[in-house]
Each structure stands twice: as C-alpha cells, then as structure tokens.
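Trainee: Next come the chains, spelled out residue by residue.
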Amino acid sequence: MRTKKGMISAQFNWVFILVAGVLILLFFGSLVLKAKESSDIAIAETVLTNMQTIMTGAEVSVRTINPIEIPNEEIKVSCNSLSVGKISKPITKNKIVFAPETIDGTTLLAWAFNWNAPYHVTNFLYLTTPNIKYVFINSPGTEAEKIFNLLPDKINKKKVDFSNVPNTGNYIKLIFFNKPGIPSLPSNLNNFPDNKVSAINVKTGSNEIKFFRKTGATFTLDGSIGYIGDPMILGAVFSGTFEDYECNVKKARNKLNIVSMVYRERTSKLSDSVGGICKSYYDLPPTDYSTASIDQIISDVSLIESHNKYLQSFSCPTIY
Amino acid sequence: MKTKKAQIKMFETIAVLLIFFVLIGFGLIFYSRIQSQGFQAKLDENFELKAIQTAQLVSFLPELQCSSDGIITDDCFDTLKVEALHEIINNPQNKDIKNNYYFDVFGSSEITIEQIYPVVDSWPIYKKIPDDYKAKSSVKIPISLYDAKKREYGFGILNIDVYG
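Those protein sequence lines, which keep their order, are chains S and P.
At position 80 of the first sequence (counting the first as 1) the number is 80 in the numbering used here, and the numbers step up by one without a gap.
When you read off a place in the second sequence, starting at 1, and then add 320, the result is the number in the numbering used here.
Any given hint could be a false lead.
[Said to hold, decoys possible] Derived pair list, reagent style DSS-like, types lysine-lysine, alpha-carbon separation capped at 30 Å: (1) S:36 - S:93; (2) P:448 - P:415; (3) P:469 - S:309; (4) S:93 - P:324; (5) S:89 - P:447; (6) P:370 - S:89; (7) S:146 - S:89; (8) P:469 - S:89; (9) P:362 - P:415; (10) P:456 - P:470; (11) P:456 - S:269; (12) P:460 - S:34; (13) S:196 - S:154; (14) P:454 - P:469; (15) P:370 - S:269; (16) S:93 - P:470; (17) S:93 - S:250; (18) S:269 - S:250.
[As the list claims (entries may be wrong)] Listed next, with one range per pair, are the computed distances between beta-carbon atoms: (19) P:365 - S:10: 54 to 60 Å; (20) S:182 - P:364: 40 to 46 Å; (21) S:71 - P:351: 50 to 56 Å.
Keep in mind that the hints were calculated from the coordinates and are not lab data.
Keep in mind that this is a model prediction, so the values were computed, not measured.
From the three backbone atoms N, C-alpha and C, an ideal C-beta is built for every residue, glycine too.
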C-alpha cells in the first residue's frame, strides 16, 4: 500500500513538472515571438519614416542626386504607398515618385527634377538603386541622347547598339526611342528571368510611351500612355510598372490642374489691374487638365509660353 | 504522516512557482512601462517631424512661390497667388480640392500667411483643426511677399500649426 502511494506521488510530481515546464516554455516562447514581431515593426516604421523624410528632402533639392545609405530591407514602392514587410505608409497625392517596384540593397539613389507646363507645377522624385541597369538603345535623332545626358552619372546607365546589350546586372531596363512596332528582345537576354527585364519605347512624334515586359524570348505590350515633357520620359525610365506610371501621370495631371487654377485666378487679377496691350495676353485657357488630351495640354502650354514672352517684351507683369 | 510531508512539499513547489511568476509579472510591467515611454517619445518625435515636413512642403509649394520666367525665388510668396489659392481652397465649389487633395497633403493643420510690411494683412490658406487634438506644433517662417501688380516686395510670416 505504501509503495503504491509513493509511486503515485512520484508520478504526480513528474506530471506536475512536465505541465509547469511546458507552460513556462510556452510563456517565454510567446514572449520572444512577440518581441521579435514588435522589433520588426519598429525597424519597418523607422525605415518608412526615414524614407518619407528622404523623399521630402530630395523633392525640394532638384537636379541633385543623393546617394543614401539605407538598411538592407526590401522596400516596396507603389504610386500611393511605401511598404516594408507588413507595414506600409501612404505617399500623399502631391508626391509624384517614379521608382522600381522593389528597392533592394543598401544604397538608394534619390533624384528630383522640376516639371514645368510651362510654369512650375511640381518636382518629380526618381528613386533607383545601383543594381538596376538602364540601357539606352542607340537610335537616330537627338531625343535619346538628350534624355541619356539628363541622367546623372551616378545612375547605372549605358548607351549601346541593339547588338551590344550587356547581360550583366540584377535588373535591366531597355529604353528604345521611336522603334516601330514591338521591339525585339536582345538574344543574350533570353535566359534572364522574365521579371528582371523590361522595356519602354518612347514615341517622340506622338508624345507616347509604350511599356513592355519580357515573356520568354519576346516583349509583350503592357500599355501605352501620353507624356508631357522630358521629366515624364524620365519617369517612365524609372517606373517599375505601367500601372504605377499611369497612376503617377494621373497625379501629375491633377496637380497641373490645381496649379493652373491658381494661375488662371492670378492672371485674371492681373488683367483687372492693368490696361493697354498687356490685358489681351492675360487670357488663360479654361481647360481641365486632369481630363484633357495630351495634344490639348501641349497646345495650351505653347500658347501660354508665347503669351508670357509677349508680356515680357512689353514689360508687363508676366504670367509665370 | 507521509501524506502531510508530501502535501507540504507540494505547497512548497507551488509557492516557488507563484513567486517565480510574480517576479516575472513585475519584470514585464516594468519592461512595458519603459517600452511605452520610449514609444511615446517616438510618437512625439514623429509628430515634430511631420510638422517640419508640412512647413517644408508649404515653403516649396508651386501654388504660392514667386517665379520669373519659370525661375523660382526661394522663400518668396507671390501675393496674387496667395490670394488666388485662398479663394480656391475656401470656395465651397472646390470642396473636393480642400477635403480630398489638400487634406491629404496638409492633414490636420492651419496655414496662414501674414503680411507685416508695407501693410498689415493676413490670408488664411488652409484650416482643418480636429475637435479632439492632443498635440499642437507651431512653425513660423519669415518670407518675402511679392506684389506683381505694384512690382514691389513686402515682408511677412508663414504660420503653420500642425495638430495631432
């Protein structure tokens, strides 16, 4: 009887130790997991807050490229948000950021360029990394040369003939100018993963940019959209996807519409206060630029430009 | 007798566990207090950062900046543009621009431009103050104001209050 009691007591002790041990282990395990999760969130928050600060800073210092050291975290950039892991922060409607879908590595290249139509509308911000190679395919005409030279030297860029396209680098973006039809894929890029090669074709005659993605040994058309000015061509060079580019162009046109409303109001006030020859040039077109056609916008831009020149030559207060 | 001994041993083990958990509990409370203090400090820092970002944003707003043939003059606002933007934002017909576009850009804040010289004047540009704000940060930036009609410069202050 005594032995039986002792055995039960010993067994009970072991069961008790086992249960308590498991509970203690579970408790500490969950604590460690929670701490890791909150540390990941804190890192993501810090990266995103720093990115927003970098973006605000870079946006106002135009035409200067800023190489910025960033933590080695994968940052996803879309037209309306920035995200690291599960944490994301919005990109406000006034910020127009052309960037690849994902920013990897420890160096971020941030570059801003002013967009005028013809008055200053906003600064476009371009983000990239040294891992992305921008390959300009030699083509007749000066446009490719002009856009290539606009890009700062710190950007991984190259200008080559179609037959000499390099096949080194993590990601390759091909930039064609006025190439008829769908551009063909250089044969030495056939073995590159589909998501590591993309292309754009800039049609300068019709102010249109076509986006292509690699599918096997060919390029497939993703979409096409009209552009206004060189900064928008540069935007297409840096954009990861057609959808992001399209969304940023919409944001830019919306901003142009708001800024134009201010200029329209301003010129009507100027028109009320001046007389003589000046008055006739203070008439801005009442176009809604968020919906107007590209041709309409380009024609309005040249009209305002010529009016401003006349105003300047007559020593009148200028439109912009 | 043996049952009593076993019971005492059991109570001893339970008491040790209890004290162990109580100590861990104290540790956790202490840790979470310190963490929440750090979190609050980070929130305050982010709020101040947001206020500075808003101020920087307003200072470089193309809707307000002075320009001559497309060339921007820093820290200078065109009074005709200031008046125009004031009218556009505060026009009920442009509610969408205020509530959708500018709210996304400026958030909960109040932006006013005050002219001090040659005449005292004031233009409230944007105002969205939440009823239950917990923090407020004010930034004042001296600016020059250009009157395109008279072609003369004045002096003013850009006031930005950000609410959080």
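Trainee: Decide, hint by hint, whether the structure agrees.
Mentor: Hints, one by one, checked against the model:
1. With a C-alpha separation of about 34 Å, the suggested pair residue 36 of chain S and residue 93 of chain S falls outside the 30 Å cut-off, and the hint is violated.
2. For the hint pairing residue 448 of chain P with residue 415 of chain P, the CA-to-CA distance comes to about 13 Å; that is within 30 Å, so the pair holds.
3. For the given pair, residue 469 of chain P sits about 18 Å from residue 309 of chain S by alpha-carbon distance, which is consistent with the 30 Å threshold.
4. As the CA atoms of residue 93 of chain S and residue 324 of chain P are separated by approximately 76 Å, the hinted pair breaks the 30 Å bound.
5. Distance hint between residue 89 of chain S and residue 447 of chain P is fulfilled; the C-alpha atoms sit about 24 Å from each other, no more than 30 Å.
6. Of the supplied pair hints, the one linking residue 370 of chain P and residue 89 of chain S holds, its CA atoms being roughly 13 Å apart against a limit of 30 Å.
7. Pair hint residue 146 of chain S plus residue 89 of chain S does not hold up; C-alpha atoms about 35 Å apart against a cutoff of 30 Å.
8. Proposed proximity of residue 469 of chain P and residue 89 of chain S is contradicted: the alpha carbons are some 43 Å apart, above 30 Å.
9. The hinted pair formed by residue 362 of chain P and residue 415 of chain P fails the criterion: a straight-line CA distance of about 34 Å is larger than 30 Å.
10. Distance check on the hinted pair: residue 456 of chain P and residue 470 of chain P sit about 37 Å apart at the alpha-carbon level, beyond 30 Å; violated.
11. Using a Cα cut-off of 30 Å, the hinted pair residue 456 of chain P and residue 269 of chain S is violated, with the two alpha carbons roughly 36 Å apart.
12. A hinted pair counts as satisfied when its Cα atoms are at most 30 Å apart, and residue 460 of chain P with residue 34 of chain S does not qualify at roughly 42 Å.
13. The straight-line distance between the Cα atoms of residue 196 of chain S and residue 154 of chain S is roughly 21 Å, inside the 30 Å bound, and the hint therefore holds.
14. Annotation: proposed proximity of residue 454 of chain P to residue 469 of chain P is violated, straight-line Cα distance about 43 Å (limit 30 Å).
15. A hinted pair counts as satisfied when its Cα atoms are at most 30 Å apart, and residue 370 of chain P with residue 269 of chain S does not qualify at roughly 34 Å.
16. As the CA atoms of residue 93 of chain S and residue 470 of chain P are separated by approximately 35 Å, the hinted pair breaks the 30 Å bound.
17. Restraint check for residue 93 of chain S and residue 250 of chain S: satisfied, since their Cα atoms lie roughly 10 Å apart, inside the 30 Å limit.
18. Taking the CA atoms of residue 269 of chain S and residue 250 of chain S, the gap is about 29 Å. The hint holds against a cut of 30 Å.
19. Distance hint check: the CB atoms of residue 365 of chain P and residue 10 of chain S are about 58 Å apart, consistent with the given range 54 to 60 Å.
20. For the pair residue 182 of chain S and residue 364 of chain P, the supplied restraint of 40 to 46 Å is violated, since their beta-carbon distance comes to about 55 Å.
21. Checked against the hint of 50 to 56 Å, the C-beta distance between residue 71 of chain S and residue 351 of chain P comes to roughly 25 Å, which is inconsistent with it.
Violated hints, in rising order: 1, 4, 7, 8, 9, 10, 11, 12, 14, 15, 16, 20 and 21; the structure is consistent with all others.
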